[in-house]
Amino acid sequence: METKLTSKQMLNELLDRHYKTALEAKAEGKPVAWATSICPQELLETLDIDVVYPENHAAAIGARKCAPEFIEQAEGKGYSSDICSYARVNMGYTDIRHSEAGDIPMPDLIFCCTNICNTVLKWYENLAKNLRIPLIMFDMPFNHTYEVPDHSIAYMRGQIEHAIVELEKFAKKKFDYDKFGEIMEISNQTCEWWKKATDLAKAKPSPLNGFDMFNYMAMIVCMRGKKEGREIFKLWYEELKEKAENGIGPWKDQEEKYRIMWDGIACWPHLSVTYKLLKKYGVNMVTSTYPESWNVRYEKNDINGMARAYSSNYANRNLDYDEQNVTKLVDDFSLDGIVFHNNRSCKLMDFRTFEVQRRVERSTGIPSVIFDGDQTDPRIFSEAQYETRIQALIEMMENNKLAGRNQR
Amino acid sequence: MTEVKKLIDRLEEAALNPAKTISESMKQTRKKAIGCFPIYTPEEIVYAAGYLPVGMWGGKTDISLADRYLQRFCCSIMRTNLELGMKGTYNLLRAVIIPTFCDTLKCVCENWKVAVPQVPVIPIVYPQNRLLDAGFRYMIDEFERVRKILEELKGSAITEEDLKQAFALYEKYRKTMRNFVEVVKDYPVTVNARTRHLIIKAGYFMDKKIYTEIIRSLIDALKKMPPEKFDGVKIVATGLIGEPIELLDIFAENNVAVVADDFAQESRQFRTPARRKGSPLEKMAYRVVDQRGCTFLYEEQKTKGSMLVDMVKKNNAQAVAVVMMKFCDPEEFDYPIIKEEIEAAGIPLLYLEIDLQMDSFEQIRTRVQSFAEMLC
Chain A
1 METKLTSKQM LNELLDRHYK TALEAKAEGK PVAWATSICP QELLETLDID VVYPENHAAA
61 IGARKCAPEF IEQAEGKGYS SDICSYARVN MGYTDIRHSE AGDIPMPDLI FCCTNICNTV
121 LKWYENLAKN LRIPLIMFDM PFNHTYEVPD HSIAYMRGQI EHAIVELEKF AKKKFDYDKF
181 GEIMEISNQT CEWWKKATDL AKAKPSPLNG FDMFNYMAMI VCMRGKKEGR EIFKLWYEEL
241 KEKAENGIGP WKDQEEKYRI MWDGIACWPH LSVTYKLLKK YGVNMVTSTY PESWNVRYEK
301 NDINGMARAY SSNYANRNLD YDEQNVTKLV DDFSLDGIVF HNNRSCKLMD FRTFEVQRRV
361 ERSTGIPSVI FDGDQTDPRI FSEAQYETRI QALIEMMENN KLAGRNQR
Chain B
1 MTEVKKLIDR LEEAALNPAK TISESMKQTR KKAIGCFPIY TPEEIVYAAG YLPVGMWGGK
61 TDISLADRYL QRFCCSIMRT NLELGMKGTY NLLRAVIIPT FCDTLKCVCE NWKVAVPQVP
121 VIPIVYPQNR LLDAGFRYMI DEFERVRKIL EELKGSAITE EDLKQAFALY EKYRKTMRNF
181 VEVVKDYPVT VNARTRHLII KAGYFMDKKI YTEIIRSLID ALKKMPPEKF DGVKIVATGL
241 IGEPIELLDI FAENNVAVVA DDFAQESRQF RTPARRKGSP LEKMAYRVVD QRGCTFLYEE
301 QKTKGSMLVD MVKKNNAQAV AVVMMKFCDP EEFDYPIIKE EIEAAGIPLL YLEIDLQMDS
361 FEQIRTRVQS FAEMLC
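Chains A and B are the protein sequences, given in the same order. Counting along the first sequence from 1, when you hit position 153 you're at 153 in the numbering used here, and nothing is skipped either side. Counting along the second sequence from 1, when you hit position 358 you're at 358 in the numbering used here, and nothing is skipped either side.
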């Protein structure tokens with residue numbers, strides 16, 4: 001008899017299978033695409049093109065402490081140590097092509113969407129040029145207005161229509177619009193379960209330890225358009241719901257004393273250090289801006305809606321949205337504080353951090369700290385600095401608690 | 001004093017004193033000024049609206065206020081612009097136009113709204129998929145949006161005729177500049193690297209009509225002189241900007257002449273001529289469509305490297321100098337690609353990392369010196 005897997009077991013199994021399938025597809029001569037993390041994967045899924053995500057792969061390499069080899073390779077080619085370390089790791093990987101953290105097949109197609117940053121535009125442009133393979137670029141204009149303007153949607157729709165024609169040529173088959181509809185439906189449901197699961201962290205104590213969310217993020221990147229993706233997030237939701245209903249917190253051996261938001265991506269090479277220090281003091285990271293970033297929702301068969309949804313993520317919106325979004329997280333998740341990761345790789349986040357911090361402190365009264373780190377380059381993070389900042393945050397949160405200030 | 005020297009002195013003076021030049025231009029033309037951030041802005045619409053478009057490519061200043069918004073690992077042009085904005089230096093501007101060509105520009109555009117509230121910002125987004133019809137239409141929509149904002153600012157309509165005239169003037173300016181960079185190749189002593197840069201830069205602070213006339217006079221005056229003998233090193237230079245000025249002094253000291261450039265602040269602004277057909281806004285958009293080899297405009301084929309190789313050959317240059325603005329991600333991403341192509345063509349490459357606030361040039365001096373010696 002088959003025993004039911006937990007979502008965590010399923011996560012590991014699916015991730016293994018995801019890479020294995022792509023490697024096998026490549027070995028069989030089937031085309032493989034490399035894509036950015038919040039791209040309209042529905043188009044690729046409809047055409048049965050296997051996709052791997054360099055950001056996921058670079059994060060895995062970083063977490064396994066294997067990044068320096070690839071970073072060194074890229075820097076040797078002339079890549080500045082100031083550019084995104086995911087890009088440097090991935091560029092290094094295109095030369096070395098093997099990592100103990102796991103391998104991915106080399107791509108036949110590059111699929112890029114600028115809603116997460118302009119950095120991917122340059123990074124993926126270079127990939128296509130170096131590997132001499134076609135590139136499909138989705139340019140999602142930065143929303144300096146609060147909402148996505150209509151003319152941006154028209155532009156993005158035009159790009160989706162163009163991409164379909166290009167993909168048909170690439171895959172040598174007709175685009176099946178019925179299947180497209182089904183994939184859209186699955187993708188929306190996957191995102192819905194992802195959001196519902198991560199929303200359960202609103203419970204006090206939170207059944208979710210936010211560093212687990214970082215692990216599940218790999219799934220929401222690569223499994224959005226797949227039934228297994230929908231299943232895993234539904235299962236995760238059910239597990240967390242049960243925990244929440246029984247008042248079970250994030251840890252067996254530690255109580256949740258403070259609830260914080262972690263702004264920015266994880267510091268993968270120092271994941272354990274950053275996590276353990278927080279846990280030691282009972283600080284649980286209950287949310288970040290990421291649950292909402294992959295809550296890509298729209299009506300089935302509504303291409304305009306799809307364009308709007310993909311253009312609406314946190315990184316592609318203006319400061320007023322950022323402020324409102326984080327303020328809402330503070331209220332909804334009853335946060336006591338915020339940790340901002342001043343991630344050297346991500347200028348788009350960094351150069352708004354100071355202003356977001358000021359505004360959110362003003363609107364909510366909760367304390368926050370900023371620490372220096374990087375998503376995959378291990379050289380930037382300093383444990384001593386991190387510890388000092390976290391201790392300062394705890395002191396401020398504790399003072400608030402004692403004084404009964406800004407409690408939610 | 002010769003005519004050439006008089007004209008060059010005037011332009012150098014204008015470029016070295018932006019604040020003074022801008023206020024004089026405002027007085028002279030009775031126009032209010034609008035600041036135009038790098039890399040491209042629809043200056044023709046600004047001009048058609050009766051404003052004086054002025055360039056905002058940073059400068060040298062101590063940074064303290066901008067630290068409230070931007071970390072130290074941010075491009076020094078943007079840090080300077082924000083600093084000067086917060087200090088009130090730009091209070092004479094009616095507005096600034098900030099395009100969102102890179103992640104830093106997006107953030108600066110957002111921060112400007114709160115950091116420099118007294119100078120309104122007009123954001124503009126250029127489409128990266130500019131070769132698609134949808135991208136072209138988007139660009140026109142963005143131009144129309146900026147036009148509307150400027151109409152509200154000035155309180156009256158910008159007519160098609162206004163746009164037509166402004167576009168014609170800009171085309172004349174661009175043609176003159178293309179002519180200028182060709183002609184000065186014969187005068188690398190009189191118009192050395194420093195002078196060449198300052199002459200081009202002066203155009204950012206003057207009315208384009210007046211400036212274009214001066215450049216025409218300068219070209220005419222130069223052409224009366226016999227071509228100059230030059231035994232130094234001829235290079236093609238690329239990067240965001242050819243500054244700080246000390247860098248160009250070092251070029252001049254070492255007899256290094258810039259015979260062609262791909263600087264965003266210089267030739268990228270004028271090297272692409274307009275198409276003949278279309279409304280003024282369409283012609284403006286086609287210029288962006290037709291632009292190649294620019295770091296900030298998506299190009300699947302990435303032709304910058306081969307373009308630089310061609311420029312070296314066409315201009316009988318001996319080398320390429322990459323003047324890298326520190327923390328400029330897009331340019332930093334292009335570098336390994338162009339490096340490989342330039343080296344594959346057997347062309348020597350000099351890489352110089354700069355930022356606007358740097359004050360020690362000894363390392364650069366040594367590198368330029370040994371590079372020049374190697375090529376002589």
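It should be emphasised that the hints constitute simulated quantities derived from the structure, not laboratory data. This one's a predicted model, so the numbers in the text were calculated from it and none came from an experiment. Virtual Cβ for every residue (Gly too), placed ideally from N, Cα, C. Hints may be right or wrong, so weigh each one.
Here are the in silico distance ranges between beta carbons for each label pair [stated by the list, open to error]:
id : chain 1 : residue 1 : chain 2 : residue 2 : range
1  : A       : 365       : B       : 152       : 33 to 43 Å
2  : B       : 68        : A       : 281       : 50 to 60 Å
3  : B       : 373       : A       : 161       : 54 to 64 Å
4  : A       : 64        : B       : 230       : 55 to 65 Å
5  : A       : 215       : B       : 156       : 57 to 67 Å
6  : B       : 221       : A       : 324       : 57 to 67 Å
Taking the hints in turn, this is what the structure says about them:
1. A:365 x B:152: 33 to 43 Å: holds (38 Å)
2. B:68 x A:281: 50 to 60 Å: violated (30 Å)
3. B:373 x A:161: 54 to 64 Å: At roughly 57 Å between Cβ atoms, residue 161 of chain A and residue 373 of chain B fall inside 54 to 64 Å, so the hint holds.
4. A:64 x B:230: 55 to 65 Å: holds (57 Å)
5. A:215 x B:156: 57 to 67 Å: holds (59 Å)
6. B:221 x A:324: 57 to 67 Å: The hint (57 to 67 Å, Cβ to Cβ) holds, given that residue 221 of chain B and residue 324 of chain A are roughly 60 Å apart.
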